[in-house]
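The whole structure should be built from the sequences, with the hints applied where relevant.
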Amino acid sequence: MNYILKMSLRNLARNKRRSVFSALAVSIGTALLLFMSATLRGEMRGSLDLTINLYTGHLQIHTENYKDSNMSLKRADTIENPLRISQQIETITQVKAATPRLNASAVLAFKNETIGLQVIGIDPSSEANAIYREGLIDGKFLTADDREGVLVGYPLAENLGLKVGDSIDLILNTSDGETDEQPFIIRGIYTTDTPGYDKATIFMPLEKAQTITRTENHASMIYILLNNMDDTDAVKAAIQAPGYVIEDWRDMNKLIIIVEQLSNAMMFFFNLMVLGVTSTVIMNTLLMAVYERTREMGILGALGMKAKQIKALFLTEATLLAIGGVLVGLAIGIPLVLYFSNIGFVVGDIGISANSGMMFGNSIYPDPTTFADVISVSLAGLLITIASGYYPASQAAKMEPVDALHSNN
Amino acid sequence: MEIAKLTNITRVYTVGEVETHALRGVDLTIGKKEFTTLVGPSGSGKTTLLQLLGCLDQPTSGKVLINGQDATNMSRNERADLRKGTIGFVFQFYALVPTLTAYENVELPMLLMGKKNHKARVMELLDAVGIADRADHRPDQMSGGQQQRVAVARALASDPLLILADEPTANLDTANGDQVMDIMKKLNEETGTTFVFATHDPRVIKYATRVVTLQDGLVISDEVK
Numbered sequence: 001m002n003y004i005l006k007m008s009l010r011n012l013a014r015n016k017r018r019s020v021f022s023a024l025a026v027s028i029g030t031a032l033l034l035f036m037s038a039t040l041r042g043e044m045r046g047s048l049d050l051t052i053n054l055y056t057g058h059l060q061i062h063t064e065n066y067k068d069s070n071m072s073l074k075r076a077d078t079i080e081n082p083l084r085i086s087q088q089i090e091t092i093t094q095v096k097a098a099t100p101r102l103n104a105s106a107v108l109a110f111k112n113e114t115i116g117l118q119v120i121g122i123d124p125s126s127e128a129n130a131i132y133r134e135g136l137i138d139g140k141f142l143t144a145d146d147r148e149g150v151l152v153g154y155p156l157a158e159n160l161g162l163k164v165g166d167s168i169d170l171i172l173n174t175s176d177g178e179t180d181e182q183p184f185i186i187r188g189i190y191t192t193d194t195p196g197y198d199k200a201t202i203f204m205p206l207e208k209a210q211t212i213t214r215t216e217n218h219a220s221m222i223y224i225l226l227n228n229m230d231d232t233d234a235v236k237a238a239i240q241a242p243g244y245v246i247e248d249w250r251d252m253n254k255l256i257i258i259v260e261q262l263s264n265a266m267m268f269f270f271n272l273m274v275l276g277v278t279s280t281v282i283m284n285t286l287l288m289a290v291y292e293r294t295r296e297m298g299i300l301g302a303l304g305m306k307a308k309q310i311k312a313l314f315l316t317e318a319t320l321l322a323i324g325g326v327l328v329g330l331a332i333g334i335p336l337v338l339y340f341s342n343i344g345f346v347v348g349d350i351g352i353s354a355n356s357g358m359m360f361g362n363s364i365y366p367d368p369t370t371f372a373d374v375i376s377v378s379l380a381g382l383l384i385t386i387a388s389g390y391y392p393a394s395q396a397a398k399m400e401p402v403d404a405l406h407s408n409n
Numbered sequence: 001m002e003i004a005k006l007t008n009i010t011r012v013y014t015v016g017e018v019e020t021h022a023l024r025g026v027d028l029t030i031g032k033k034e035f036t037t038l039v040g041p042s043g044s045g046k047t048t049l050l051q052l053l054g055c056l057d058q059p060t061s062g063k064v065l066i067n068g069q070d071a072t073n074m075s076r077n078e079r080a081d082l083r084k085g086t087i088g089f090v091f092q093f094y095a096l097v098p099t100l101t102a103y104e105n106v107e108l109p110m111l112l113m114g115k116k117n118h119k120a121r122v123m124e125l126l127d128a129v130g131i132a133d134r135a136d137h138r139p140d141q142m143s144g145g146q147q148q149r150v151a152v153a154r155a156l157a158s159d160p161l162l163i164l165a166d167e168p169t170a171n172l173d174t175a176n177g178d179q180v181m182d183i184m185k186k187l188n189e190e191t192g193t194t195f196v197f198a199t200h201d202p203r204v205i206k207y208a209t210r211v212v213t214l215q216d217g218l219v220i221s222d223e224v225k
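Just so you know, the sequences run in chain order R and P.
Using the numbering used here, the first residue of the first sequence is number 1, and each one after it goes up by one.
Using the numbering used here, the first residue of the second sequence is number 1, and each one after it goes up by one.
Think of the hints as simulated: they come from the structure by calculation, not from any bench.
Heads up, a few of these hints could be off.
[Stated by the list, open to error] Partial pick of chain R residues on the chain P-facing surface, computed with a CB cut under 8 Å:
{"hint": "1", "residue": "E296"}
{"hint": "2", "residue": "I299"}
{"hint": "3", "residue": "G301"}
{"hint": "4", "residue": "L303"}
{"hint": "5", "residue": "G304"}
[As the list claims (entries may be wrong)] When the alpha-carbon atoms are kept at most 25 Å apart in a straight line, the in silico DSS-like pairs for lysine-lysine are as follows:
{"hint": "6", "chain 1": "P", "residue 1": "K32", "chain 2": "R", "residue 2": "K308"}
{"hint": "7", "chain 1": "P", "residue 1": "K63", "chain 2": "P", "residue 2": "K185"}
{"hint": "8", "chain 1": "P", "residue 1": "K33", "chain 2": "P", "residue 2": "K186"}
{"hint": "9", "chain 1": "P", "residue 1": "K5", "chain 2": "P", "residue 2": "K225"}
{"hint": "10", "chain 1": "P", "residue 1": "K119", "chain 2": "R", "residue 2": "K6"}
{"hint": "11", "chain 1": "R", "residue 1": "K311", "chain 2": "P", "residue 2": "K84"}
{"hint": "12", "chain 1": "P", "residue 1": "K116", "chain 2": "R", "residue 2": "K306"}
{"hint": "13", "chain 1": "P", "residue 1": "K32", "chain 2": "P", "residue 2": "K186"}
{"hint": "14", "chain 1": "P", "residue 1": "K115", "chain 2": "R", "residue 2": "K311"}
{"hint": "15", "chain 1": "R", "residue 1": "K6", "chain 2": "P", "residue 2": "K63"}
{"hint": "16", "chain 1": "P", "residue 1": "K32", "chain 2": "R", "residue 2": "K311"}
{"hint": "17", "chain 1": "P", "residue 1": "K63", "chain 2": "P", "residue 2": "K32"}
{"hint": "18", "chain 1": "R", "residue 1": "K306", "chain 2": "P", "residue 2": "K225"}
{"hint": "19", "chain 1": "R", "residue 1": "K398", "chain 2": "R", "residue 2": "K308"}
{"hint": "20", "chain 1": "R", "residue 1": "K308", "chain 2": "P", "residue 2": "K33"}
{"hint": "21", "chain 1": "P", "residue 1": "K5", "chain 2": "P", "residue 2": "K63"}
{"hint": "22", "chain 1": "R", "residue 1": "K6", "chain 2": "R", "residue 2": "K254"}
{"hint": "23", "chain 1": "P", "residue 1": "K115", "chain 2": "R", "residue 2": "K6"}
{"hint": "24", "chain 1": "P", "residue 1": "K84", "chain 2": "P", "residue 2": "K206"}
{"hint": "25", "chain 1": "R", "residue 1": "K306", "chain 2": "P", "residue 2": "K115"}
{"hint": "26", "chain 1": "P", "residue 1": "K84", "chain 2": "P", "residue 2": "K63"}
{"hint": "27", "chain 1": "P", "residue 1": "K33", "chain 2": "P", "residue 2": "K63"}
{"hint": "28", "chain 1": "P", "residue 1": "K225", "chain 2": "P", "residue 2": "K206"}
{"hint": "29", "chain 1": "R", "residue 1": "K67", "chain 2": "R", "residue 2": "K306"}
{"hint": "30", "chain 1": "R", "residue 1": "K306", "chain 2": "P", "residue 2": "K119"}
{"hint": "31", "chain 1": "P", "residue 1": "K33", "chain 2": "P", "residue 2": "K225"}
{"hint": "32", "chain 1": "P", "residue 1": "K5", "chain 2": "P", "residue 2": "K33"}
{"hint": "33", "chain 1": "P", "residue 1": "K84", "chain 2": "P", "residue 2": "K115"}
{"hint": "34", "chain 1": "P", "residue 1": "K84", "chain 2": "R", "residue 2": "K398"}
{"hint": "35", "chain 1": "P", "residue 1": "K84", "chain 2": "P", "residue 2": "K119"}
{"hint": "36", "chain 1": "R", "residue 1": "K311", "chain 2": "R", "residue 2": "K398"}
{"hint": "37", "chain 1": "P", "residue 1": "K84", "chain 2": "R", "residue 2": "K306"}
{"hint": "38", "chain 1": "R", "residue 1": "K96", "chain 2": "R", "residue 2": "K306"}
{"hint": "39", "chain 1": "P", "residue 1": "K115", "chain 2": "R", "residue 2": "K308"}
{"hint": "40", "chain 1": "P", "residue 1": "K33", "chain 2": "R", "residue 2": "K6"}
Backbone N, C-alpha and C fix where the C-beta goes; we use that ideal spot for every residue, glycine too.
Structure representation (structure tokens):
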């Protein structure tokens, strides 16, 4: 074994507890970086997936003037004969489902409570709405010919004490600018585990929604899900919908993409903070070692060890601490990420409404650690730790042997 | 044939605004096979002179020649190179590397010189100082006398022309001190290695073939026995 490596190993073993705690600082930093980046990425990807699946779809067709924010029901702002268009789109092989949806703003009245929310008219048989069918926790799903049934979200039902079979009044805007009020029966209670969405969204069959809002044979949009989102551009190019606008998930989720970029920037500063703390611990440990071994440096210098060899000795110690710390950090961090990426951790309703254009579930599922994560976090941990050793190593190397020999340490 | 030649050496230490003149113009020549002691009271300049002979320090003025090479203005690394093959040290406080065994301490100068196949030579040196059976022991597992014998073996490991010893018996009892001095004297006689000691210890002085006395940074006597 190279004598520098052997001496470095022995030096680290000289004060085992200090070496272990120093390496542990690197380990905790490494594990924390892995976990935080996986959590942030999981949160952002989860938000994007939810927003696509619940709100925007991979692609959406609507009129040029239609805006989700105002849910306009004017004839000019809605798509005519949407079923025909959606059936055409469903013939494209990469399309999982294409279905008309009618969005209307509404007020729910139950006992003495009134709540503003959105009503979405859906085709109950469409694969695109499977997420609500599968999320049914009580009652039964809608059928296309149901004229008085609705689905309500679990948080809304819980807040108002609603049960399957209860009657609620809905006041909806209509295409001619009026409002219409009708009683509806709660057929089922669903959850998508997205409190901001579930507490503000009620579903009813498309035909009934068209009737009450006086938008017969019209829809707000054609909502399109793909089997693989990588096919977005190809499908977008293949769709024939003259006179309408086709937007893809990137166009419709600019906010999420911006928030993700912002989060990544914040993550960068968080990483700097973690690595800064870690490097301070390592630097402190090695400076202590230099201070304690000053006379020893003098002896080594007297024996003919050059400054660069003394520097190499301390840098090797820093490298060994870094390697040990990073490996243990990966051993802690990777299983931790994998465990939580499976079971998630509950954050509850974080209070962001569906109207913001971003959906957040009540659980965060960290994105499983990738090889790129391991490489980037390991490199960051190794480089920062070794760099932290540079100053103490330089201090040791620049000692004159004659001064070091006269030290009391 | 001279191993070291110091010409008109001064060494001034400056701490703040205070100057201490450790050496005030010393001329000293050390010949081959000498067994020389530098004696004098504390503060007379013995250790400073030894450090200059060992190229651990540089003079304020004057000239230092070691084995014919002018070391006066050598860089730190050049001096380290010169020390490696020419000079061995034995310190008062043993100065072994605490994490290395006796064997590894003796081996270290050879590794620094890039020597290979040195196992037999290391054991030979440990045997020469009577400590071969402690080869696997670390310094904290050995007595002071044993550690100082390892230090002597280490000083010899690079086959130096000159060994400098600063108070080598100061921390040893009489028996161990005599034992260490016997070993060094024997090595001097058998291998021709030159030894220079800085000491107060009469036990060391009695072994010397030459006694150089310093006082207030000057050589006041130079006596060959």
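Does P/K63 lie within 25 Å of R/K6 when you go C-alpha to C-alpha?
The given pair, whose Cα atoms are some 39 Å apart, is violated under the 25 Å limit.
Does R/K308 sit within 25 Å of P/K115, going by the straight-line distance between their CA atoms?
The given pair, whose Cα atoms are some 19 Å apart, holds under the 25 Å limit.
Between the alpha carbons of P/K32 and R/K311, is the straight-line distance 25 Å or under?
35 Å, violated
Verify the proposed pairing of P/K84 with P/K206, using a straight-line Cα cut of 25 Å.
Judged against 25 Å, a Cα distance of about 29 Å means the pair is violated.
Double-check R/G301 for me: the hint is only fine if its C-beta lies closer than 8 Å to a C-beta in chain P.
Result: holds, 7 Å to nearest chain P Cβ.
Taking 25 Å as the top limit, are the C-alpha atoms of R/K311 and R/K398 close enough?
Distance ~9 Å between R/K311 and R/K398 Cα, so the pair holds.
Are the Cα positions of P/K5 and P/K33 separated by 25 Å at most?
15 Å, holds
Verify the interface restraint on R/E296: the C-beta must sit less than 8 Å from at least one C-beta of chain P.
Where the cut-off is 8 Å and the nearest Cβ of chain P is about 6 Å from R/E296, the hint holds.
Given the hint that P/K33 pairs with P/K63, test it: the Cα-Cα distance must not exceed 25 Å.
22 Å, holds
Is P/K84 within 25 Å of P/K119, Cα to Cα?
18 Å, holds
Next pair to validate is P/K119 with R/K6; report whether the Cα-Cα distance is within 25 Å.
Holds: P/K119 and R/K6 sit about 17 Å apart, inside 25 Å.
Can you confirm whether the C-alpha distance between P/K63 and P/K32 stays at or below 25 Å?
19 Å, holds
Checked against the numbered hints given earlier, this structure breaks hints 6, 7, 15, 16, 18, 20, 22, 24, 29, 38, 40; the rest are met.
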